[in-house]
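Q: Chain by chain, the residues run as shown.
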Amino acid sequence: MPASRSLGLLVLTALIGVAPVLFPSVFYYEIGTGIFIASLVVVGLNILMGYAGQVSLGHAGFFGIGAYAMAIGPARFGLPSMLSILAGLAVTILTAWVVGRPILKLKGHYLAVATLGLGILISMVLSNEAQWTGGPDGMSVPKFELLGFTIRGSRMWYWTSAAVLLIGIWLALNLVDSPTGRALRGLHDSEVAAASNGIDVARYKLVAFTISAGYASLAGSMAALSDGHITPTAAGFLHSVELVTMSVLGGMGSIFGAVIGAGLLKALPQVLTFLHDYEQVVIGAIMMGIMIFLREGILPAVTSRLRSRAP
Amino acid sequence: MPELMQFMFSGLTVGAVYALVALGFTIIYNASDVVNFAQGEFVMLGGMVTFFATAAGVPLPIAAVLAIASAVAVGLVLYKLAIEPARGASVVTLIIITIGASIFIRGVAQIVFDKQFHRIPAFSGDAPFKILGATLLPQSLWVLAGTAITVAALWLFLQRTIFGKAIVATSANRLAAQLVGVDTNSVVAVSFALSGAIGALAGILITPITLTSYDVGTLLALKGFAAAMLGGMGNPVGAVVGGLLLGMAEQLSAGLISSKYKDAVAFIMILLILFVLPNGLFGRARVERV
Numbered sequence: 112m113p114a115s116r117s118l119g120l121l122v123l124t125a126l127i128g129v130a131p132v133l134f135p136s137v138f139y140y141e142i143g144t145g146i147f148i149a150s151l152v153v154v155g156l157n158i159l160m161g162y163a164g165q166v167s168l169g170h171a172g173f174f175g176i177g178a179y180a181m182a183i184g185p186a187r188f189g190l191p192s193m194l195s196i197l198a199g200l201a202v203t204i205l206t207a208w209v210v211g212r213p214i215l216k217l218k219g220h221y222l223a224v225a226t227l228g229l230g231i232l233i234s235m236v237l238s239n240e241a242q243w244t245g246g247p248d249g250m251s252v253p254k255f256e257l258l259g260f261t262i263r264g265s266r267m268w269y270w271t272s273a274a275v276l277l278i279g280i281w282l283a284l285n286l287v288d289s290p291t292g293r294a295l296r297g298l299h300d301s302e303v304a305a306a307s308n309g310i311d312v313a314r315y316k317l318v319a320f321t322i323s324a325g326y327a328s329l330a331g332s333m334a335a336l337s338d339g340h341i342t343p344t345a346a347g348f349l350h351s352v353e354l355v356t357m358s359v360l361g362g363m364g365s366i367f368g369a370v371i372g373a374g375l376l377k378a379l380p381q382v383l384t385f386l387h388d389y390e391q392v393v394i395g396a397i398m399m400g401i402m403i404f405l406r407e408g409i410l411p412a413v414t415s416r417l418r419s420r421a422p
Numbered sequence: 080m081p082e083l084m085q086f087m088f089s090g091l092t093v094g095a096v097y098a099l100v101a102l103g104f105t106i107i108y109n110a111s112d113v114v115n116f117a118q119g120e121f122v123m124l125g126g127m128v129t130f131f132a133t134a135a136g137v138p139l140p141i142a143a144v145l146a147i148a149s150a151v152a153v154g155l156v157l158y159k160l161a162i163e164p165a166r167g168a169s170v171v172t173l174i175i176i177t178i179g180a181s182i183f184i185r186g187v188a189q190i191v192f193d194k195q196f197h198r199i200p201a202f203s204g205d206a207p208f209k210i211l212g213a214t215l216l217p218q219s220l221w222v223l224a225g226t227a228i229t230v231a232a233l234w235l236f237l238q239r240t241i242f243g244k245a246i247v248a249t250s251a252n253r254l255a256a257q258l259v260g261v262d263t264n265s266v267v268a269v270s271f272a273l274s275g276a277i278g279a280l281a282g283i284l285i286t287p288i289t290l291t292s293y294d295v296g297t298l299l300a301l302k303g304f305a306a307a308m309l310g311g312m313g314n315p316v317g318a319v320v321g322g323l324l325l326g327m328a329e330q331l332s333a334g335l336i337s338s339k340y341k342d343a344v345a346f347i348m349i350l351l352i353l354f355v356l357p358n359g360l361f362g363r364a365r366v367e368r369v
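Quick note, the sequences are listed as chains A and B, same order. Under this note's numbering, the first sequence has 383 at position 272, and the numbering climbs by one with no breaks. Under this note's numbering, the second sequence has 132 at position 53, and the numbering climbs by one with no breaks.
These are calculated hints, taken from the structure and not from any lab test. Values in this document were obtained by computation on a predicted structure and should not be read as measured data. Even for Gly, the Cβ is constructed at its ideal location relative to N, Cα and C. Hints are not guaranteed to be accurate.
[Unchecked claim] Listed next, the stretches of chain B that the computed footprint assigns to chain A, with coverage defined by at least 3 CB atoms under 8 Å from CB atoms of chain A: (1) 141-155; (2) 187-201; (3) 298-305.
Using the sequences and the hints, build the whole thing.
A: Below, the structure written as structure tokens:
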């Protein structure tokens, strides 16, 4: 891993460690947890969108599978927390692998609509199969427990989700610098050129899709555990759009940008609560604004400006 | 048999609305390569403006004209303020912009109007016709006739007027159109206005049957998009056929299998079609040059 990235990881770790000093109340730990969980999804999504160059408007579906595993596993199958997380991951990876194969042959708008359809179908199953999922009202989620140790409370979830995020980022950084990462960037630039250099394009796209789905599932499981409740909106279309917006906002192809994008978009509704009815209007306007004026995303825009200023 | 007829009637009615939404998508997509996720908001505006105008005492025909005019205005503003400044942006960026626009318009609608469901009275009464044991609402005939007239008028406009031909030329090749003197910027602006008008019309026609509220747009846009995709993106005939097929498939599956997954039909169909025919029913395979 290049030194700049190791440094980035250290700085992020330090920021996460120091931030609680400034927290005026426990509520801020919850916001932090929300940001870390969203960041984890976006880090995964970035591998797919930023590196492999494939769009997904359905990742909230995988998030939903991971989240519901934490409710359905214990309640319907008596599974312990850890096994429920793994079961969610298994179902997600299987779904992504099987459906990804035909879907990833598509390009541009067709790929967008196919992933969108997949995500919506997952959320419809979650809200329709009420005997399993509790329907539109959702289900409550028991606390995480492993070998008699329980994770409870906002503070513990802050540190747990931060640790998982940092591990997720570290894995993603390693992946990006591995031969697989180079293959992904290669097919992003030109699928034909990549193929003629012996890269199995279809396979690498599928690998990126499945890995990013796995990140989403794990994040969904953590969100369900830390909230203690889960509803089908977690898997809905608008959540998928939110995730993609975070990814683009932070800067596609930038792992640390993912954290910035997720942080800004997660913090935004908290800042905007005073707007009440005007909240949607402002969120819509901000989405359009950042896409028009910050097209490459915040982090790349800032770093390129800094670089151009340096002699 | 009467049941089957019944499903066909309701399927065609809903399908006609999907067809109009898909047509709106297609017009904008052809002129500018933008997939406009705010298309459903035009349908919402059509229904909502008509309801609030008639509630304020405006006669229905004038209210309908007002509704269409406001959707046209919104379409133009959307183009000027959000699409034109983002020219050259990637597919994902443009998708997020139009989704942002739809959230924005929905947010404004919930403030300017309200969050209730509204119904406008059927244009010519609610006494149903009996055909082969099935019932057909007079409003369904309005929907079907309105769709047919819109499609015919659109075809005439595109084939027989100089401006329509400019739109066709821009769709075929933007640069070539510019070279022969077509003002492609106005063409794209007009395509947004046109698809606003078509969307609003769909909203006015269907509101007496399905009701309207500030948030009906999202699902309609997604289904209209699915219909457009089904017929092959960018093909107007395909959009209409795709819309009608989708409406029928939805009603048949709701009637014969279960209504639980009625809204899922669109997305199941789209996935199946894309797997089997990656260019839609009427799309031509694109040859990619390297």
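Q: Count the residues of the stretch 187-201 of chain B whose CB lies closer than 8 Å to any CB of chain A, then report whether that count reaches three.
A: As far as the stretch 187-201 of chain B goes, the hint holds, because 3 residues have Cβ atoms under 8 Å from chain A.
Q: Quick check: do three or more residues in the stretch 141-155 of chain B have a beta carbon closer than 8 Å to a beta carbon of chain A?
A: This one is violated; 0 residues, fewer than the three required, reach chain A with a Cβ under 8 Å.
Q: Taking a Cβ-to-Cβ distance below 8 Å as contact, does the stretch 298-305 of chain B have at least three residues touching chain A?
A: holds (count 3)
Taken one by one, the earlier hints fail for this structure only at number 1.
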